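Trainee: Here is how the chains run, residue by residue.
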Amino acid sequence: MSPQSQRFPVSSRVLHWLMAVLVLAMLFIGVGMAASESARYSTLVAIHKPLGIAILILVVIRIVNRLIHRPPPLPADMPGIQRFAAHASHIMLYALMFLMPIIGWSMLSAAGYPIVLFGPLHLPPILTQNATVYAALRQLHTILAYLLFATFLLHFAAALFHGLIRRDGVLQSMASWRSGR
Amino acid sequence: MPDNARDSTDSRRTLSMTAVLMRLVVIGVVALGVAALFAYAGGWLSPHRLTQARIIAAFGQLDGIHPGFRRNHAKGICATGWFESNGQAASLSKAALFAPGKVPVVGRIAFAGGMPFIPDEPDTVRSLALRFLPAGGDEWRTGMINIPVFPFATVQAFYEQMVASKPDPATGQPDPAKMQAFAANHPEFVAAIDIVKKRLVSSGFADATYNSLNTFRFVNSDGVSTPVRWSAVSLQPFVAAATAVHASADGASADKNALFDALIADVAKHPVQWRLVITAGQAGDPTANPTLPWPADRKQIDAGTVTIDKVSSEDDGPCVDVNFDPMVLPAGIEASDDPIPSARSAAYARSFTLREGERKVKPPSAVTPQEVSSVGKS
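Residue numbers (our numbering), protein chains in the order written: chain A, 512 to 692; chain B, 245 to 622.
Note that these hints are calculated values from the structure, not bench results.
A couple of the hints might just be wrong.
Claimed, not checked - Cβ pair distances, simulated, as ranges: (1) A:Trp688 x B:Ala283: 54 to 60 Å; (2) B:Gly380 x A:Arg524: 38 to 44 Å; (3) A:Val571 x B:Gly331: 42 to 48 Å.
Claimed, not checked - From chain B, some residues computed to sit far from chain A (all C-beta separations above 10 Å): (4) Gln296; (5) Gly381; (6) Pro392; (7) Lys513; (8) Arg519; (9) Glu600.
What the hints assert, rightly or not - Just a few of them, taken from the derived set where beta-carbon distance is under 7 Å, the chain B residues facing chain A: (10) Val264; (11) Ile271; (12) His292; (13) Leu294; (14) Thr295; (15) Ile299; (16) Asp382; (17) Glu383; (18) Met571; (19) Ala575; (20) Arg603; (21) Lys606.
This one's a predicted model, so the numbers in the text were calculated from it and none came from an experiment.
Note that CB positions come from ideal geometry on N, CA and C, so glycine has one too.
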């Protein structure tokens with residue numbers, strides 16, 4: 512097996528790390544703005560909306576990239592339960608990264624807010640205004656944000672487990688940038 | 245010799261049980277550390293941090309819980325009409341609504357405070373909230389009140405005053421000692437209240453002038469940014485409030501919606517109008533502190549006229565599901581360093597989320613569709 516095939520392709524690694532930073536920033540901004548009764552609130556909101564749309568665009572690119580470039584296989588000696596956890600958590604991460612911006616956009620639509628990105632740049636509403644739908648989506652946005660953060664933590668701890676304890680190359684397949692290895 | 249890391253089983257075996265445990269601890273500590281940072285950002289580690297949840301809870305403690313109603317400015321009615329811009333404000337702001345022409349407006353006229361069934365009193369602070377809906381969707385929302393300055397420089401002071409004015413269970417009145425302690429700590433509040441007390445109180449909603457109080461910035465097409473405040477100046481003749489409306493002899497039969505009914509009757513006869521007046525600040529004018537008035541000689545620009553030709557109950561009107569969030573601003577209007585609009589935006593969002601979730605259990609508003617229709621015909 513060639514060494515290259517043991518690593519994620521460059522496009523996958525770039526998308527992974529870029530989105531890792533953006534999604535984590537988004538989670539902190541989101542939880543922070545929901546608990547900021549201050550001038551900071553509107554600053555965070557003004558970042559949250561365009562950042563969410565940027566993540567939505569990136570996750571679509573990433574799903575296409577994932578379909579083109581299959582990830583390297585997991586180590587053959589990985590226990591079945593760990594394999595299952597790895598696959599399930601990846602599906603969960605993809606699903607939440609896609610759903611969270613869609614729910615955010617939908618909920619602002621249902622609330623009748625203009626969806627402002629920058630200055631006069633607006634997005635159209637994707638739902639008609641509806642109080643009950645708004646309230647439900649707003650709550651779902653929070654619940655799924657916690658679920659996304661919990662899944663991220665699991666993913667992060669699992670990556671460290673691969674890197675520090677199993678030392679099976681799984682972490683390096685995403686984290687290594689040395690050429691030719 | 246393995247050529248990649250995945251076959252490094254030899255090095256894996258060299259980890260002792262102690263080393264594995266140590267590394268597990270490291271992983272646990274790092275993951276917990278990230279979780280703790282997240283909890284800190286969310287305010288869970290700072291029980292004294294002023295959050296949306298705490299400030300809205302304070303409204304509930306002060307005014308009671310009224311499901312489905314706004315937590316502040318709870319008693320109100322909807323209003324619709326238009327804004328006819330004369331184009332003069334376009335020199336200050338590139339916002340589409342300031343180009344000459346007509347823009348539809350959805351508004352709400354209300355009393356400040358969190359009690360949706362409080363009897364109408366001219367002394368209660370009144371509000372006019374407007375949503376300007378220009379073609380193209382670059383809308384503007386603003387909420388104004390009929391006092392000349394805002395009594396609080398910070399949301400913290402606003403919150404402290406709410407806590408201090410919470411009625412003492414023994415007397416049913418705020419504890420004077422707490423109110424005095426608050427005033428002693430907030431000279432800006434005392435100074436602002438002095439100005440507020442000197443205002444002329446109008447008899448109704450239609451002859452009141454409503455002020456933005458907060459400072460925003462208008463940005464024109466050349467990129468020039470000007471600090472501004474604005475007012476909706478009534479075009480109805482001013483009639484001073486009778487000094488003791490609420491002390492009328494037969495208080496029991498007095499119309500609890502007297503001011504709203506007067507407005508409904510007025511609008512049924514003829515539209516009511518306000519001039520939208522923009523006050524341009526100068527260098528050195530206080531922008532971050534809404535308790536301080538600007539000098540009276542500041543340049544004022546008449547931007548056009550707001551006309552309300554229809555009012556309706558919240559229960560079937562177009563304003564009930566609108567959050568008059570003061571940070572919904574078109575390109576050409578921006579926030580200033582005034583901290584209050586952002587705090588209002590945060591608190592309104594919380595109030596909006598709560599009440600939208602309670603819409604199905606919301607009781608009828610004080611001013612019902614039947615009342616609007618019968619008063620309008622009389």
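Trainee: Indicate, hint by hint, whether the structure satisfies it.
Mentor: Going through the hints against the structure:
1. Taking 54 to 60 Å as the suggested C-beta distance range, the pair Trp688 of chain A and Ala283 of chain B does not conform, at roughly 32 Å.
2. Under the hint 38 to 44 Å, the C-beta atoms of Gly380 of chain B and Arg524 of chain A, about 42 Å apart, fit the expected range.
3. In this structure, Val571 of chain A and Gly331 of chain B meet the distance hint of 42 to 48 Å, their C-beta atoms being roughly 43 Å apart.
4. Residue placement check: Gln296 of chain B does not keep its beta carbon more than 10 Å from all beta carbons of chain A (closest about 5 Å).
5. Not every beta carbon of chain A lies more than 10 Å from that of Gly381 of chain B, the smallest distance being close to 6 Å; the non-interface claim is violated.
6. Residue placement check: Pro392 of chain B keeps its beta carbon more than 10 Å from all beta carbons of chain A (closest about 23 Å).
7. With a closest Cβ-Cβ approach of about 31 Å to chain A, Lys513 of chain B is found to remain outside the 10 Å limit, as its non-interface label requires.
8. With 10 Å as the threshold on Cβ separation, the claim that Arg519 of chain B sits away from chain A holds: the shortest Cβ distance comes to roughly 26 Å.
9. The Cβ of Glu600 of chain B does not lie farther than 10 Å from every Cβ of chain A; its closest approach is about 4 Å, which violates its non-interface assignment.
10. Restraint check, Val264 of chain B versus chain A: the minimum CB separation of about 6 Å is within 7 Å; hint holds.
11. The criterion of a C-beta within 7 Å of any C-beta in chain A is met by Ile271 of chain B, whose closest approach is roughly 4 Å, and the hint holds.
12. Interface hint at His292 of chain B: violated, since its Cβ lies 12 Å from the closest Cβ of chain A, which is beyond the 7 Å cut-off.
13. Annotation: Leu294 of chain B was flagged as interfacial toward chain A, and the flag holds, the nearest CB pair being 5 Å apart, inside 7 Å.
14. Given hint, Thr295 of chain B at the interface with chain A, holds; its Cβ is 4 Å from that chain's nearest Cβ, closer than 7 Å.
15. Among the interface hints, the one on Ile299 of chain B holds; its C-beta lies about 5 Å from the nearest C-beta in chain A, closer than the 7 Å criterion.
16. Taking 7 Å as the C-beta cut-off, the interface hint given for Asp382 of chain B holds, the closest approach to chain A being about 6 Å.
17. Interface hint status for Glu383 of chain B: upheld, as the beta-carbon distance to the closest one in chain A is roughly 5 Å, under 7 Å.
18. Nearest Cβ of chain A to the Cβ of Met571 of chain B: about 5 Å, under the 7 Å cut. The hint holds.
19. Taking 7 Å as the C-beta cut-off, the interface hint given for Ala575 of chain B holds, the closest approach to chain A being about 4 Å.
20. The closest approach between the C-beta of Arg603 of chain B and any C-beta of chain A is roughly 4 Å, which is under the 7 Å cut-off, so the hint is satisfied.
21. Taken as an interface hint, Lys606 of chain B does not check out: its beta carbon lies about 9 Å from the nearest beta carbon of chain A, beyond 7 Å.
Consistency with the previously given hints fails for numbers 1, 4, 5, 9, 12 and 21, ordered from lowest to highest.
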